[in-house]
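Given the structure of chain A, go ahead and fit chain B onto it with the hints provided.
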Amino acid sequence: MDLLKELVTYYNDNGAYVWTEFYRHFLMSAYGVLFAAIVGIPIGILIARYSKLSPWVISFVNVIQTIPALALLAVLMLVMGLGTNTVILALFLYSLLPIVKNTYTGILGVDKTLKEAGNAMGMTRFQILRMVELPLSLSVIMAGLRTALVIAIGIATIGTFIGAGGLGSIIVRGTNAAEGGAIILAGAIPTALMAVLADFVMGWFERLLSPANSRKLS
Amino acid sequence: MLTFENVTKIYSGNKKAVNNLNLEIEKGEFICFIGPSGCGKTTSMKMVNRLIEPTEGRILIDGKDIMKQNRVQMRREIGYVIQQIGLFPHMTISENITLVPKLLQWSKDNRRERAKELIKLVNLPEEYLDRYPQELSGGQQQRIGVLRALASNPPLILMDEPFGALDPITRDGLQEEFKNLQRKLGKTIVFVTHDMDEAIKLADRIVIMRDGEIVQVDTPDEILRNPANEFVESFIGKERLIQTRPDVKTVGQIMNKIPATVHKEETLSTAIQRMKEKRVDSLLVIGEDQTLEGYIDVEDIEENRKKSTLVGEIVETELYRVKEDSLIRDTIQKMLRRHTKYVPVVDDDNRLKGIVTRATLADLVYESIWGDEDDN
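For the protein sequence lines, the chains are A and B, in the order given.
Sequential numbering of the first sequence, starting at 1, is according to the numbering used here.
Sequential numbering of the second sequence, starting at 219, is according to the numbering used here.
It should be emphasised that the hints constitute simulated quantities derived from the structure, not laboratory data.
As the structure is a computational prediction, the values presented were derived from the model and not from experiment.
Every residue, glycine too, gets a C-beta built ideally from N, C-alpha and C.
Treat the hints loosely; a few may be bogus.
As the list claims (entries may be wrong) - A few chain B residues facing chain A, derived, Cβ under 7 Å:
#	residue
1	Asn267
2	Gln302
3	Tyr513
Same shape as in the complex, but just chain A:
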């Protein structure tokens, strides 16, 4: 009971601070995923079209994923120095795999006969992409963004080690303090909450965009 009381006290005293870090944490994750989406979706489309590229690109983004987060941050820090941007770059790199892979599978998963129909009706390549392939693979691409965002929120916690702030700072402060259990929780609970929420919201989008539900949009 003490722990809970301490937690409430901590939030009462440091509410504004926790909120700032929460917001900062979210922005880092969101930017990382956003940039990854900007780069990753076109790459996914490209390798779906030129299948010779796909094994190379996929294994490359796979390799990035295997590097431990702390190691990646440390290496990036050597090049880019301390700060938020380095964390965002790391998150960007981690988000690439789910986004590229899902875009690739999504586009390849569109029924071949639909592409043939579009082609035979006189659609240009770009029109097929815009009017057929993208709308039909949107939900799969969204699923990729969802995974990426949840992973990013988790990894962003260690950004504090290179001075990027975020909810990780609160957790680390807790680990350094004697009897800091409440402080650890004060950082960990919002992090988990953010991840769950992000998963939920993105999942809702994903369902909304799936072709079977296109009715609801119009």
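The following block gives chain B in isolation, referenced to the frame of chain A:
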């Protein structure tokens, strides 16, 4: 309208999918390509809108080489229907139907108007326009698939086994409906199928293919009657050949083998006498070796009795005649059209073999209604 000139398609691995194809398709014609799988029928069709490009030879639409035209533009002017239907699940029926008009940048109102116009053609309610494909049955979906091909009113439509995936009853109804639609709209249609019944039912001409080559091109009737070779026969199937046998009866089988004749060297009085004996008003005139010379009738004899004595002098040589192996159906049609009472039957050397009269036809009709007398 559509011409194949020495068209050959060689896939990698030197497999000749289509070999030196030559074919001329008229405007408004319904052509069925048929053959076992791998015979090149689909390849031939897909070369028309360049989904597959020919290795050699030319394909001309209205005299224009398809390879010299803009591929995308050209495809918008050719309707296309596939077996898998291929409606876009994320678009409404209306959007699906008017996709090509949209690509051609028709205004929204025009497109909507066109969609309403089209859906009436297949007797589906207008409310369906705002539904999604998955809410429709397979048969309804393929109706929409056909409408989509018709949307921009293209003169030529390619169809790749469009009714192949439907259940037999739906298929039957759609074939009927589609054939009527085609007659009404006068489209030229290239239709690929492996179903002989379908081809016979729909096609004006059937192109039978094997191993990338044309085996026979002809009307369904002609193919049933005169299959070019054993392959065609086996492809048509014995059952169908038997079914169509009534149509392939020849006049040789039903003609009267002892017609009333008179030799050209005989006298007119003999002729009159023979007419009286046989109770007929005209006689076929034969020459040496039973060759058919013509005919004489009572009136001719009456008019010329004073001037001539021999049959050969007044014989009418203008006479329509048929060969023994002519088909009954054709012969009947011609008799009725020419209002002749009888037609002599001759062999290749013009020797008289028999005669088909209107009485023969009456017998034939009697038989077909009440069966052979032997059966009773």
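Against the structure, the hints:
1. Asn267: Hint on Asn267 of chain B: holds, closest Cβ of chain A at ~6 Å, below 7 Å.
2. Gln302: 4 Å, holds
3. Tyr513: Since the shortest Cβ distance to chain A is 62 Å, the answer is violated.
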